[in-house]
Amino acid sequence: MRSFTPEWAQAARAAVDAGPTRDGKLPSYWNWIDRARAGYTAVWALGVRESGVYLVLTWKDGTCAAAELTSDPSAADYVLVASQATWDELRAGADPGRVVMYRQLRLERGDVLTFFRVIYFFIESLATLSRLET
Amino acid sequence: MTSLSDVADSDLRGIRDLDIDDVLAYVHRDLKRLPGYTELYKRYLRQRWDVYELDFSQDVVDWRERMTQEERDAFVGISAGFHHGERQVEVELPVFMLGGSEESKIYMSSQIEDEARHTVFFDRFYREVVGMPGDSVQDVLDASFEHVSETFVGPFGLLAYQADELRKDPEDPAARVRYGTTYFLWIEGVLALSVMKITLTYCRERGFLPGYYTGFTATCRDEARHVQFGMRFLRDSVQEDPRLLLQIHETLRTILAINGAASRRLALESLGWTPEEVRRLMIRQLHMKLTDVGIAIPPDIQDMVARIEPELAGG
Chain W
1 MRSFTPEWAQ AARAAVDAGP TRDGKLPSYW NWIDRARAGY TAVWALGVRE
51 SGVYLVLTWK DGTCAAAELT SDPSAADYVL VASQATWDEL RAGADPGRVV
101 MYRQLRLERG DVLTFFRVIY FFIESLATLS RLET
Chain B
1 MTSLSDVADS DLRGIRDLDI DDVLAYVHRD LKRLPGYTEL YKRYLRQRWD
51 VYELDFSQDV VDWRERMTQE ERDAFVGISA GFHHGERQVE VELPVFMLGG
101 SEESKIYMSS QIEDEARHTV FFDRFYREVV GMPGDSVQDV LDASFEHVSE
151 TFVGPFGLLA YQADELRKDP EDPAARVRYG TTYFLWIEGV LALSVMKITL
201 TYCRERGFLP GYYTGFTATC RDEARHVQFG MRFLRDSVQE DPRLLLQIHE
251 TLRTILAING AASRRLALES LGWTPEEVRR LMIRQLHMKL TDVGIAIPPD
301 IQDMVARIEP ELAGG
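For the record, the sequence lines run as chains W and B. Okay, so the first sequence: first residue is 1 according to our numbering, each after it adds one. Okay, so the second sequence: first residue is 1 according to our numbering, each after it adds one.
Note that these hints are calculated values from the structure, not bench results. If you're wondering where the values come from, they're calculated on a predicted model, not measured in any experiment. Hints are not guaranteed to be accurate.
Claimed, not checked - Subject to a maximum C-alpha distance of 25 Å in a straight line, what follows is the list of computed SDA-like cross-link-like pairs (lysine to any residue): (1) W:Lys25 / B:Glu269; (2) B:Lys168 / W:Lys60; (3) B:Lys168 / W:Ser74; (4) B:Lys168 / W:Thr86; (5) W:Lys60 / W:Ala14.
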């Protein structure tokens, strides 16, 4: 399965909706993630800079309800873009928190403060979809 | 008790004898008066220190032979945040310097140099004392990232994204105040001063790591200028346009919302701190800034402050 294909997009939706494997981290951390996710409604568009392709994930009431690929992310609340090299690094196991902190995934559109209110939920979702076998 | 003029005037050799509590008192002494940007720049010229004069030879002995594994783990766990943090603010500050008055820009050039020097301080400590490998500054940063907790990833990530936002219009008052709240109020005023208090109290009480103590105490004195600049910037911004107070509030709501998410526990008890003591320390640091500068917060944020988790200690 190649990344940023329709098949991969559906696998990514299912994986982030199922959530990450809960091992090796404190229960209080997962409680924070659960609170952040509960009732969460927003649309994320995650793009590849070179190809201009975006994975659009639609969250509705805490469920990842839909996923699609598009070249027009204008309907998304948050548009984030990384280079192909960064996506490759994530697939190779790079820490998604580091990718965020080093601004390798840029928020090109969307309110910074509201985006960051669920930042660890986002980071765990990014980790989950990055670990899909491709 | 050292006089605060001793704190202001000590050279690097004298700083080693200062008590961290006196340096923290020095940080807060001028918060009600808030010196002007030119005065802070002049102070920088007097207080600048040479990071390559620090001697870590005794630190190496303490680290290897006198500290326990639990103490080393806790120490690395808490200080790694600022190994990356100093680098992060050095990189993210230039965009803030693009806006504001000429006096602000001149002062800001000194703070950028401070942050670069602090980055070198941690690079030397992690390379020479902790023994992390790497040929470059980035190599050592990469080696220590696994120890950086969410306590730092969240706020430093937020600052990076706010810097991107500010880059679009460096004179945007609202974006500058949001950025300034994250940087000067939370990262400098709460996180940095809390980490300094915890690690430096440990070093002083145990008589360990004199090179780290000297360098990080000098860093704390630099923070006095940074915090005073930042609090003056926020106070003046709100006085000029009271609507900007809402930007401080919204930023605090975000920062306090992400507080408490820690994925692993640090045994800070081994450094002499309980989670409750860390919690009280963080709340006190935040209250002192808000009260002294006269930044009022609404009840919902007061409740969030009261619920601050001692996340430095792992929740």
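Hints, one by one, checked against the model:
1. W:Lys25 / B:Glu269: At roughly 20 Å apart (the allowed maximum being 25 Å), B:Glu269 and W:Lys25 satisfy the hint.
2. B:Lys168 / W:Lys60: Violated, at roughly 31 Å.
3. B:Lys168 / W:Ser74: holds (19 Å)
4. B:Lys168 / W:Thr86: holds (23 Å)
5. W:Lys60 / W:Ala14: holds (14 Å)
Violation of the numbered hints given earlier is confined to hint 2; every other hint is satisfied by the structure.
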